[in-house]
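Asker: Okay, here's what each chain looks like letter by letter:
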Amino acid sequence: MTIKTQTLGFSTLIIFGIIIALSPVDKMASQEIDFQTLAAELSTGNYLQADELAHWIIDKEPGFSILDVRSKEDFNKYHIPGSVNIPISKLSEKELLEDIGKDNIVALVSNGNTKASQAWIFLKQFGYADVYVLEGGMNHWVSIFSNPNNPEDSYTDDELFTYQFHKAVGPVMMGTTIAAESESDNIPVIQKKPVKRIKKKKKKKIDEGC
Amino acid sequence: MAPFFKMGYFGEQTSFIIALVLGVSFGFWLERAGFGDSTKLAAQFYFKDNTVIKVMFTAILVAMLGIMYLTLFGWLDINMIYINPTFIWAQVVGGLILGVGFVIGGYCPGTSIVGAATGRIDGMVFVLGALFGMFVFGEIFPGIDTLFMAGDMGSIRLPEFFNLSTGVIGLLVVFMAIGMFLGIDWLEKKFAKEEAK
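Protein sequence lines, in the order shown, are assigned to chains A and B.
Here the numbering used here is used: position 56 in the first sequence is 56, and no number is missing along the way.
Here the numbering used here is used: position 99 in the second sequence is 99, and no number is missing along the way.
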């Protein structure tokens, strides 16, 4: 008796199909915490500098979200413009996170680094690829934008520009509308020079497919 | 554990080289299957030669079963695979346009490159036409962005849509493919008979 190639092929297919139908594929696909990968990523820099974030906000960069994990009260007092508030205790409710695209770069904000770093682990588990913790959190943010340090006597151009940048964007970054105080007292105004943009380490969204 | 690139086994630069190798071999096997020839591709639409549809369904089955079994063995993290988001109405319209282009030109985008690379003039013209189409799309895009986003369903998969387990969907797709293979052979014979009359 000879078996037709077609029959053989189809039977193999059906056997493979039945095996897969009875197998716990979904269970295997559900994510488990891979501590090794996480630990490896923790050791590489996952911090975002306040200045870099401020530049993104000003340049209206597409493709990033700011997630504030402080409590609602704290958020209402002051927050980074454009940030979304999800208190860390509610991060496990996945529906709240739906507005934040997984392709986006996510900047996590808390008072310091601790809560944001905890939220970082959550988001990594939810499959967010580019998650960063705002270095120093709101405390650092407020200190540099509401009361930037005057450059020392022997300041470099970069320091001066950083100072002027903080001073100029401070009102916006603090969510207040008070105009910046004039600053002509002790800082000489430097002639125009193109302000160097901080290079973005943005990863391009990779479109896969045919 | 796969996917190797997202697991960080190699960098972006290496990934380009791998992409090149995969792309070239894809083109090579398209050509070897005879898909660099528009007459062969167009014959599909008259049910005279069903190689195209058989190859496509074989590819679907191999990829689907491959992904499912690799997941089952824990060799692949399916959550890290990019799933193209579904915009159902946008894709219905886009699919129709592509289909009409396929019937008229006798190529689909990949095979037209293969045809052009093997020196077929109709392939080259098709590639130019595709580039022109991209240009037109880019120019009129601001006017059609509502259509472009129409029917957003997110990165949905069949198991979620039908609320069945992934494995059961796999079996159903296998049955569908087998039905398709048998049906297409039947059609081919039928059309061959009518042709003979």
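Among these hints, one or two may not hold up.
In the BS3-like style, the derived pairs of lysine-lysine whose C-alpha atoms are separated by at most 25 Å in a straight line are [said to hold, decoys possible]:
1) B:Lys48 x A:Lys72
2) A:Lys77 x B:Lys190
3) A:Lys60 x A:Lys167
4) B:Lys48 x A:Lys167
5) A:Lys4 x B:Lys6
6) A:Lys102 x A:Lys90
7) A:Lys102 x B:Lys54
8) A:Lys4 x B:Lys48
9) A:Lys102 x A:Lys77
10) A:Lys27 x B:Lys6
11) B:Lys189 x A:Lys124
For the record, the hints were derived by calculation from the structure and aren't laboratory data.
Asker: Checking against the hints above, which ones are violated?
Answerer: 1, 2, 4, 5, 7, 9, 11
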